[in-house]
Amino acid sequence: MVVKSIVVASVLATLSAVPVAVPALTGTSVNLALGPFEATFNRHLEIDFGVRGECITRDCSFMELAFGDGFRLVL
Numbered sequence: 001m002v003v004k005s006i007v008v009a010s011v012l013a014t015l016s017a018v019p020v021a022v023p024a025l026t027g028t029s030v031n032l033a034l035g036p037f038e039a040t041f042n043r044h045l046e047i048d049f050g051v052r053g054e055c056i057t058r059d060c061s062f063m064e065l066a067f068g069d070g071f072r073l074v075l
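First residue of the sequence shown? That's 1 in my numbering, and the numbers climb one at a time after it.
Just so you know, the hints here were simulated from the structure itself, not pulled from any lab data. Please read all numbers here as calculations on a predicted model, not as lab measurements. Please note that the accuracy of each hint is not assured.
[To be verified] Computed spacing ranges between beta-carbons, pair by pair:
#: 1; residue 1: Glu54; residue 2: Lys4; range: 32 to 38 Å
#: 2; residue 1: Glu46; residue 2: Leu73; range: 32 to 38 Å
#: 3; residue 1: Thr26; residue 2: Cys55; range: 25 to 31 Å
#: 4; residue 1: Arg58; residue 2: Gly27; range: 29 to 35 Å
C-beta: ideal position from N, C-alpha, C; glycine also.
Build out the structure end to end from the sequences listed, making use of the hints.
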């Protein structure tokens, strides 16, 4: 059980650091959404917060991480 907790904590810590590190290093914008709330991190280290309106009419994913227009990870 302890190993599982450590793995989950390390994955969550890594996912929380990715949106800040990737735009600064590569210039690609990163979008992190948790339920209906989203944050977009851009190259100039500015963060835009918002609420996804489509979550009102349908179910949203628990977490969504998108890099630019190409890669999207949905949990």
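Here is how each hint holds up against the structure:
1. Glu54 with Lys4: 32 to 38 Å: Given range 32 to 38 Å: holds, Cβ gap about 33 Å.
2. Glu46 with Leu73: 32 to 38 Å: 22 Å Cβ-Cβ, so the 32 to 38 Å window is violated.
3. Thr26 with Cys55: 25 to 31 Å: 29 Å Cβ-Cβ, so the 25 to 31 Å window holds.
4. Arg58 with Gly27: 29 to 35 Å: 32 Å, holds
Of the numbered hints stated above, the single one contradicted by the structure is hint 2.
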